[in-house]
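S.K.: The residues making up each chain are set out below.
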Amino acid sequence: MLLYYFLGTVILSGLIFYIRRKAFTYSFAVIFVFLQLGLTAYGIINYRQTDLSFFSIDPLAILFLIILSILTIPTFIHSFIYINNNLKLNIDKNSAIYLSSIVIFITSMTGVYLANHLVVIWVFLELSTISASVSVYLKRNAEALEASWKYVFVSSISIAFVFIGILFLSISMQEANITDLSVKTLKEHAPELNTQWLKIAFVFIFTGLTAKMGLFPMYTAGIDAKDKAPSPVSALLSTALLNAGFVAFIRFYSIFSATSIKVWMNYIMILSGLLSVFVATVYMMKVKNYKRMYAYSSIEHAGLVIMAIAAGGIGIFAAIWHLVLHSFAKSALFYQTGQVFRAFHSKSISHHGNYFRINFAGAMVLVIGFLCITAIPPSGMFITEFFILKSFFEANMTWLIIVTLILLTFIIYSFSVSVFRLLYGDNKNITDFEKINPLESATQYVFLGIVIWLGFFPPQILLDLMKNVL
Amino acid sequence: MFIIIALIIFNITLLYISIAKRLNSYINLIAFQGFLLFVIAFYELSEIHIINLIFVLLETVIFKTFAIPYFLKKIIKKNKITREAEPFVSNFISLLIITTAIFISFVLATNLEANTEKVIYYSISISTVFTGLFLIMSRKKIITHIMGYIIIENGVFLLSLAVGNKMPMLVNTGILLDIFATILTLGIFVNKIGDVFKEVDVDNLESLKD
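Residue numbers (this note's numbering), protein chains in the order written: chain A, 197 to 666; chain B, 17 to 226.
Just so you know, these hints were derived from the structure itself, not from any lab.
Just so you know, not all the hints are guaranteed correct.
As the list claims (entries may be wrong) - Taking lysine to aspartate or glutamate pairs in the DMTMM-like style, the calculated list, with each CA pair at most 20 Å apart, reads:
no., chain 1, residue 1, chain 2, residue 2
1, B, Lys182, A, Asp376
2, A, Lys218, A, Asp288
3, A, Lys484, B, Glu222
4, A, Lys289, B, Glu222
5, B, Lys208, A, Glu339
6, B, Lys182, A, Glu371
7, A, Lys543, B, Glu222
Said to hold, decoys possible - Take a look, some chain B residues computed to stay more than 12 Å from chain A by CB distance:
no., residue
8, Ile66
9, Ile97
10, Pro103
11, Ser176
All C-beta atoms in this analysis are idealised placements derived from N, C-alpha and C, irrespective of residue type, glycine included.
All chains, full assembly: derive it from the sequences and hints.
M.R.: The structure is reproduced here in C-alpha cells:
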C-alpha cells in the first residue's frame, strides 16, 4: 500500500503541475485527499506492521498521520480559496507549482512519521524542507523570496547538522560492530555505544532538528516563512511540520535515552525549551503582525513540549497530547489570518479593528481560538499544560514551574492585547471591507471544537496511543 | 599515506580560504577541494562495491570539481557580482579563528579516538564544517554564504568517507544532500534573487524582522 501511496502522490503532483485546468486540478486534489485518508485507514487496520521494510506503523506514527490527514482537507480548501481570491482566473503556473509542492510536502511528512530507519527519516526531512520552501514562494514578490531563501538556507544547514550527527552516531556504532541504522536495532544495542561520541551526535542532531521543531536556536527561519507563506502553508509549517520534527526527535531520543547520557541530554533540552519560551515572550511583547505572533506562539508551545519530554514520567504523555491539541488550535488560527488579511488587506496589528462588525463568524473563531491557544479552561490545552507543569513538579523542578508561569502570563497578556484590538478596536480610517462568506470558517469551528472535546472527553483509544509512544 | 597527505593539503586549503580576497580564489579552492575529495575517496573506499565506488568518484569529479565551480562562475558573471569577498572581519582575525578551530577539533578528536589516521580524518572534517559556518557568518555576499554551505558539505562528505567502508549507504545519502541542496540553492534561488534584487547582498534581506 505504501508503495502505491508514494507512486500515486508523485503521479498526482506531476499531473497537477502539467494539466492546468480548474476542473482537473480540483479533481486531482480530491483524489489526493482520498489517497491520504485511504493510507490512514490502511494504517489503522494494519496497526503495528512493517511496510516496504523501512516504514512501520507504530503508535507515534499513526497518531500524527491521522492529524496530518485531517489537516490535508482544510489545507486544500483554503488553498483554493486563496488562489481563487488572488487570481480569479484559471490555475496559472505559479499556483500549479504551489499545489504540486503541497502534495509532495504532505507526502514527505507522512514519510517522516512512518519511517523507522534513521537515514530514511533524514531523507524525508530534507524533502519536506525543499517542498515547503517552494510552496512558501507562491506570491513571487521580494518578501516571499527573502522568506523562502532564508528558510531554505537555514534549513539546509540544519539538515546537514542532523546528517553530521548521524555520522557521529555511526562512528560509535562501528566501534560496537553494528551496521544497521534502524531505530529498533539501535534501541537494543544503545548501551554498548560509546557515550562520548553519542554526546557529540546528540548535540548536532538536536541543533539540526530545532529548525523543524521551532525551538531555540534555529527557530528564526521558520518565523519568516510562516509570516510570508499563504495561510494554509503557514498552518502546515507550524503544526504538521513541527510534529514531524518532534516525531523525528522522539525516534532519536528513544535511542539516546537508553544510554547513560539521558540526564545530561535532559539538561540541554530544558535549557533549549526555557530559552524558546523566553524568546517567544520577548518577541510577542513587541510583535506587529498577527502571523508572526502565531508563529512565536508555536515556539512557546514547542518549548513547553520539549521541557515536558525532558521531565519524563507523565510529561511525555502530556507533551504528545499537547502537540495534538496545538495542531488543531494553531491551524484554525492560521486559517483565520487568511480571512483577516482579505478583510483589511494588511497583516499589521495597527491597521485592524472592529472585526466583530465586519465578519462575525471569523471573530468568534478568534475568540474561541484565543481561549484555546492560551490554555484558558474550556480549552483542552489547559489540561495538558497542567499535566506538563505537574511533570516538572514530579521531576523536582519547582523553579521551572515558577519561571514558566511568569513567562506564560506575559504571553497571555500580549496575545490578548492584540487579539482584542482586532476584535473591538477602533478603525475609522479603513472603509472598504470585503465581505467574507461565514461558511469559510466552518473547518475552523470544527478544529476548535475538537480541541475542547478532546480536553473533556478524550477517547480511550487515543489515550492508549499516547501512552505508548516511546 | 596518500590519504594523509591529501587530508593535510585539504586542511591547508581551509587556511587559504580564510584569508583569500577574491571570489575567484574561493571558487578555485572549492574546485581543488573537490579534487582532493576524489583522491581521498579513491584510496579510502577500497572495500565497497565497484559500481558504488564509480558513483562516488563521478560525483566528486563531475559535480564537486567541475559543475559547482562552473555554475558559481556563471552566477557571478550573470549577476555582475564584484570580485571582492567583503568580509566583516580582518584577514588576520579570520586566520586566527580558523587556526583555533582546527586546534580545538584536533584536541577533541584526539580525546575521542586512539587511531591516528582516524584522528586526522575527524579533526579535519570537523574543522571544515567550522570553516564553512565561519564563512557564512563573516562574509557579506549571498554567494559567499553559498560557498560556505558548499564547504560545510565537503566536510560532511569527508566525515562520511571515514565510515564509508562499513556503511556505504551513508556516503550515498551524503551525496544526495550535496546534489539536491546545492542545485536548489544555486540553481533556483540565486538566479531568482539576482533577478529580483539589484545587488546580491545580505543587506537586501532585512525587510523581515521584528
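S.K.: Does each hint fit the structure? Answer for all of them.
M.R.: Here is how each hint holds up against the structure:
no.	hint	result
1	B:Lys182 <-> A:Asp376	holds, 10 Å
2	A:Lys218 <-> A:Asp288	holds, 10 Å
3	A:Lys484 <-> B:Glu222	holds, 16 Å
4	A:Lys289 <-> B:Glu222	violated, 28 Å
5	B:Lys208 <-> A:Glu339	holds, 12 Å
6	B:Lys182 <-> A:Glu371	holds, 11 Å
7	A:Lys543 <-> B:Glu222	holds, 18 Å
8	Ile66	holds, 20 Å
9	Ile97	holds, 16 Å
10	Pro103	holds, 19 Å
11	Ser176	violated, 6 Å
When each numbered hint is compared with the structure, violations occur for hints 4 and 11.
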